[in-house]
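I would like the entire structure built from these sequences, with the hints used as guidance.
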Amino acid sequence: MLGRWAHWTAGHSPPGPFRARFWRSPLRGPWFTAVLSVVLLPGITLMFLTGLASYAAYDPNLAPVNDTTPDKGLLGSWLPAWPAGPWWLYWVTQGVHVILGLVLIPVVLAKLWSVLPKLFEWPPARSVAHLLDRASLLLLVGGAVFELVTGVMNIQYYYAWPFVFYQAHYYGAWVFIAAFVVHVAFRLGRMVSALRSRSLIRELRTPLSATRAEPPDPDRLVSPDPAAPTISRRGALGMVALSSLALLMLSVGQTIGGRARSTALLAPRGQDLGTGPNDFQVNKTAAMAGIVPVDDSWRLQLHGTVSRSLSRAKLLALPQHTARLPIACVEGWSTGIQTWTGVRLTDLADLAGAAPGDRLLVESLQRGGFSAATLSPGQVRTPDALLALQVNGADLSLDHGFPARIVVPALPGVHNTKWVTRLTFSAG
Amino acid sequence: MTRRESLQTIALLASFVVAGYAAVRLLAGNPIGIGAWFASSAIIHDLVLFPLYAGLDAVLVLLLRRHPTWATVGGVAWLNHLRVPAAVSGLLLLVWSPLILRLPTAFHAASGLSAQPLLPRWLAVTAVLFGLSLATLLARIATKRR
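Protein sequences, first through last, are from chains B and X.
The opening position of the first sequence corresponds to residue 1 in this note's numbering, with each subsequent residue numbered one higher.
The opening position of the second sequence corresponds to residue 1 in this note's numbering, with each subsequent residue numbered one higher.
It is possible that part of the hints are untrue.
Stated by the list, open to error - Sample of chain X residues lacking proximity to chain B, with all beta carbon distances greater than 12 Å (derived):
no., residue
1, Gly-20
2, His-67
3, Thr-69
4, Val-73
5, Ser-111
6, Gly-131
7, Leu-134
8, Leu-138
9, Ala-142
Claimed, not checked - Below, simulated EDC-like cross-link-like pairs (lysine to aspartate or glutamate); rule was C-alpha separation at most 20 Å, straight line:
no., chain 1, residue 1, chain 2, residue 2
10, B, Lys-314, B, Asp-296
11, B, Lys-314, B, Asp-350
12, B, Lys-118, B, Asp-219
13, B, Lys-118, X, Glu-5
14, B, Lys-72, X, Asp-46
15, B, Lys-314, B, Asp-395
Claimed, not checked - For the chain B half of the interface with chain X, some residues (derived, Cβ under 10 Å), not all of them:
no., residue
16, Glu-147
17, Trp-174
18, Leu-245
19, Leu-266
20, Val-294
21, Trp-298
Please keep in mind that the hints were generated in silico from the structure rather than gathered at the bench.
Idealized CB from N, CA, C, for every residue including glycine.
Structure below.
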């Protein structure tokens, strides 16, 4: 039935974009699309893997308090525990995830432009297989743009959506990747043969005056009636590359930190805060977390096989350890490397009579999300894991978690809990 | 159905099972709201962004086709010296518009930072892009004259 309907509609195409002659750009063609695809294939694969790492870094399977998507089922219950090193691990995976996502935006847009006539393909469905393929493309395009839009808005604190970011971005990624895998599997051959149809070197040497449309292709990306070109193929690809380069150069400084930060002119965390010991980026201010200044009555509640209550003076009298670590945020920026001083978590575990395999529940005075996190035994026992009391030789400022905060290598920013009030060691 | 089509159909159906499993969880909180955002994402480039940028570009190209004498300056075509900086600047605005337009109220509360510098910074980057483009145009005109 679909076949007869398709046969009838084929001869009755609506006007405008549904007619092949509407599309006149001489640049559209399989080679042009394939060049963008060969960038997107590894790029998107890396985005998905670093995204999975981003979720795994919260150690969602260690304790419910760590899990932002507890109904994930098969979409992540198998993720391994997150290691406590190397110290730069999360800094790199999350930095790559966010910055690469920005860099790929122009490539995704160019790709959508290059295949635009396919949206208006007529007849809309030639067969059941064709209909399913087009439905899959809806998930592919919708998923890709949904992930980019939610990611870009989230790193700018623009929560103008009717959902929770963590769930939308994580499950949206799975909807997308399901369509992406099939898309790649059944079009990889076409991409490779399209790439072989022209020499990249020769194309980069072809000026506007010598630019011609690609020969007609079975997918009908090439216009049947191409207009005279107004830009060369190398010019159009160069424009995409330049846009990606601009996004990279104006944002990567917020990930690297230090002196590079001032180059991140358009990124949310591109402002240099000064040279004082506490003058580095704050994820959540004390005011927003509902923290009132903490006085001398503060005590750290330490629980294990024994319970203790420790004042800040007592903590400072314990052996102090110094670690040079960055704190990296899920939003892709970092504090850069800072020098943290405090009591090793492994020393506090011993003080509480904890067993070597015990995990640690950290609770904060703050209100709202991420007021508690559970650390794995490996994270507790790593030598540079601290309950930090000082940074860069000075007491922590209130915004940075005074009187005490957690600092653990390779741990996502929000799990480096500030304003710690209670530490509970248990077998889990 | 050819063998390839059958294989593709089976693969697509399998991918829909995975996508469906994820979609149930994606939509759980707010099916209509999230569904609308997802559907909008699928068409925002093709039906909103593309008509905007292609429309603007088409007007410009048409104008220069009607008046070929306007298309060159000093014997050099200037169209792409306008297109390239406009595209890069437009894209930077598209990506960073929430902070440039100071829409997120949570930004200052969370970070302690002001979004105020971002609009002047974007304007400055835009000026530099157009400036560099103009400089290359002038250089091309100078080489042509020599």
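| said: Check whether the Cα positions of Lys-72/B and Asp-46/X lie no farther apart than 20 Å. | reply: violated, 32 Å
| Hinted contact Val-294/B with chain X - closest CB pair below 10 Å | violated, 18 Å
| query | Should the interface hint for Leu-245/B be scored as holding, given a Cβ-Cβ cut-off of 10 Å against chain X? | reply | holds, 9 Å
| request: For the pair supplied as a hint, Lys-314/B and Asp-395/B, confirm whether the alpha-carbon distance does not exceed 20 Å. | output: With a Cα-Cα distance of about 15 Å, the restraint between Lys-314/B and Asp-395/B holds, given a limit of 20 Å.
| Against chain X, is Trp-298/B within 10 Å by beta-carbon distance? | violated, 23 Å
| request: Taking the shortest Cβ-to-Cβ distance between Val-73/X and chain B, state whether it exceeds 12 Å. | output: The claim holds: Val-73/X sits with its nearest Cβ about 16 Å from chain B, beyond 12 Å.
| Taking the closest pair, is the beta carbon of His-67/X still more than 12 Å from chain B? | The assertion about His-67/X holds, with a minimum of 15 Å to chain B.
| task | Mind verifying the non-interface call on Ser-111/X? Its CB should be farther than 12 Å from each CB in chain B. | result | The assertion about Ser-111/X is violated, with a minimum of 6 Å to chain B.
| request: Please confirm whether Leu-134/X is truly not at the interface, meaning its C-beta sits more than 12 Å away from all C-beta atoms of chain B. | output: holds, 16 Å
| message | Would the hint linking Lys-314/B and Asp-350/B be met if the CA-CA limit is 20 Å? | response | With a Cα-Cα distance of about 16 Å, the restraint between Lys-314/B and Asp-350/B holds, given a limit of 20 Å.
| task | With 12 Å as the threshold, tell me whether Thr-69/X passes as away from chain B on beta-carbon distances. | result | Check passes; 16 Å lies beyond 12 Å.
| field | Status of the stated non-contact between Gly-20/X and chain B (beta carbon gap over 12 Å) | value | violated, 9 Å
Violated hints, listed in ascending order, are 1, 5, 14, 20, 21; each of the other numbered hints is respected by the structure.
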